[in-house]
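Visitor: Sequence:
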Amino acid sequence: MVKLMNETKTIINNGLWHNNPALVQLLGLCPLLAVSNTFVNGLGLGIATTLVLAGSNASVSLIRNYIPKEIRIPIFVMMIASFVTNIGLLMNAYTYDLFLTLGIFIPLIVTNCAIIGRAEAFASKNKFIPSLLDGIMQGIGFSIVLCLLGAIRELVGQGTLFYGAEQLFGDWAKDMHLSFYLTDSKFLFAILPPGAFVFLGLIIAGKNAIDKKAKSRTMQKELVNE
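If you use our numbering, the sequence shown corresponds to residues 1049 to 1274, in order.
Hints are computed from structural coordinates only; laboratory data are not their basis. We put the CB at the ideal spot given by N, CA and C, even for glycine. Honestly, I wouldn't trust all of these hints.
With a Cα cut of at most 27 Å, we get these calculated DSS-like pairs of lysine-lysine [said to hold, decoys possible]:
1. K1269 / K1051
2. K1117 / K1173
3. K1260 / K1057
4. K1234 / K1222
5. K1222 / K1057
6. K1263 / K1057
7. K1263 / K1051
8. K1234 / K1051
9. K1175 / K1117
10. K1051 / K1222
11. K1057 / K1269
12. K1173 / K1051
13. K1255 / K1269
14. K1057 / K1234
15. K1057 / K1255
Pairwise CB distance ranges (calculated) [what the hints assert, rightly or not]:
16. Y1114 / F1228: 36 to 44 Å
17. L1240 / N1054: 31 to 39 Å
18. L1148 / E1270: 24 to 32 Å
19. M1049 / S1264: 43 to 51 Å
20. R1120 / F1235: 31 to 39 Å
21. E1270 / K1051: 36 to 44 Å
22. F1228 / D1259: 24 to 32 Å
23. L1110 / V1072: 38 to 46 Å
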């Protein structure tokens, strides 16, 4: 039981922080930088990616012992593509406006290195429950970065937050739209990909600073205990 709890804690910590696909592995940067110009866009792509990660990890884990090693990567890609296709059809049916906004980046989830990487590095070597949890946590970690980056870019670029929430949640979510300042022209640097590079760099720098401070505190405690 203790071992299981420790493994679960490790998987959660890795997905959300220590091995975050966007901040540590630096995978999936193409959609991360291109789509995250608003919070809602980031959340929409994050949810889609999380569902694909969870589904592909779980599926790969279930059949891992029956997949020939020589053709495992093509099989993983086909499995991921099937989940992406289903997610795309669901978004087309229920969140059509957001589906149009995200455009090509929904089908491009198939090529997201974070997904194929988790299938190869984790799901193909572990049982169903840990693999499913790993997919969920990696997806949530990726989604958090997408949402944070989207919120920063939206706030700096156009002075709003949760703009377009109705595209994801329905008409009732129009009341979620917050406006912090009015401007005749948007701050394009923040909205376009160059701004995304800068803000992502600042987020990564902040994470590294927190990790460094935490490591320093741990070393000080160990010295005191000795």
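Visitor: Look at each hint and say if it fits the structure.
Guide: Here is what the structure says about each hint:
For the hint pairing K1269 with K1051, the CA-to-CA distance comes to about 25 Å; that is within 27 Å, so the pair holds. For the suggested pair K1117 and K1173, the alpha carbons sit about 12 Å apart, so the restraint of at most 27 Å is met. Of the supplied pair hints, the one linking K1260 and K1057 holds, its CA atoms being roughly 21 Å apart against a limit of 27 Å. A distance of roughly 21 Å separates the Cα atoms of K1234 and K1222; the hinted pair therefore holds under the 27 Å criterion.
For the suggested pair K1222 and K1057, the alpha carbons sit about 37 Å apart, so the restraint of at most 27 Å is broken. For the proposed pair K1263 and K1057, the alpha carbon gap of about 19 Å is at most 27 Å, so the pair holds. A C-alpha spacing of about 24 Å is found between K1263 and K1051, which places the hinted pair at or below 27 Å, so the restraint holds. At roughly 52 Å between alpha-carbon atoms, K1234 and K1051 are farther apart than 27 Å, so this suggested pair is violated.
Annotation: proposed proximity of K1175 to K1117 holds, straight-line Cα distance about 17 Å (limit 27 Å). At most 27 Å may separate the alpha-carbon atoms for a hinted pair to count; K1051 and K1222 exceed this at roughly 46 Å. Between K1057 and K1269 the alpha-carbon distance is near 22 Å, which keeps this suggested pair within the 27 Å criterion. At roughly 18 Å between alpha-carbon atoms, K1173 and K1051 fall within 27 Å of each other, so this suggested pair holds.
Pair hint K1255 plus K1269 holds up; C-alpha atoms about 21 Å apart against a cutoff of 27 Å. Straight-line distance between C-alpha atoms of K1057 and K1234 comes to about 42 Å, which puts the hinted pair past the 27 Å bound. Of the pairs offered as hints, the one joining K1057 and K1255 holds, with about 19 Å between alpha carbons and a cut-off of 27 Å not exceeded. One distance hint, 36 to 44 Å for the beta-carbon pair Y1114 and F1228, is violated here, with the actual separation near 54 Å.
For L1240 paired with N1054, a C-beta distance near 44 Å fails the hint of 31 to 39 Å. Checked against the hint of 24 to 32 Å, the C-beta distance between L1148 and E1270 comes to roughly 54 Å, which is inconsistent with it. The hint said 43 to 51 Å for the Cβ distance between M1049 and S1264, and at roughly 33 Å that hint is violated. Against the hinted window of 31 to 39 Å, the Cβ-Cβ separation of R1120 and F1235 comes to about 46 Å, which falls outside the hint.
Checked against the hint of 36 to 44 Å, the pair E1270 and K1051 fails, with Cβ atoms roughly 24 Å apart. Judged by the Cβ atoms, the range 24 to 32 Å given for F1228 and D1259 holds: they are separated by roughly 31 Å. Checked against the hint of 38 to 46 Å, the pair L1110 and V1072 fails, with Cβ atoms roughly 27 Å apart.
Hint check: violations occur at hints 5, 8, 10, 14, 16, 17, 18, 19, 20, 21 and 23; the rest are consistent with the structure.
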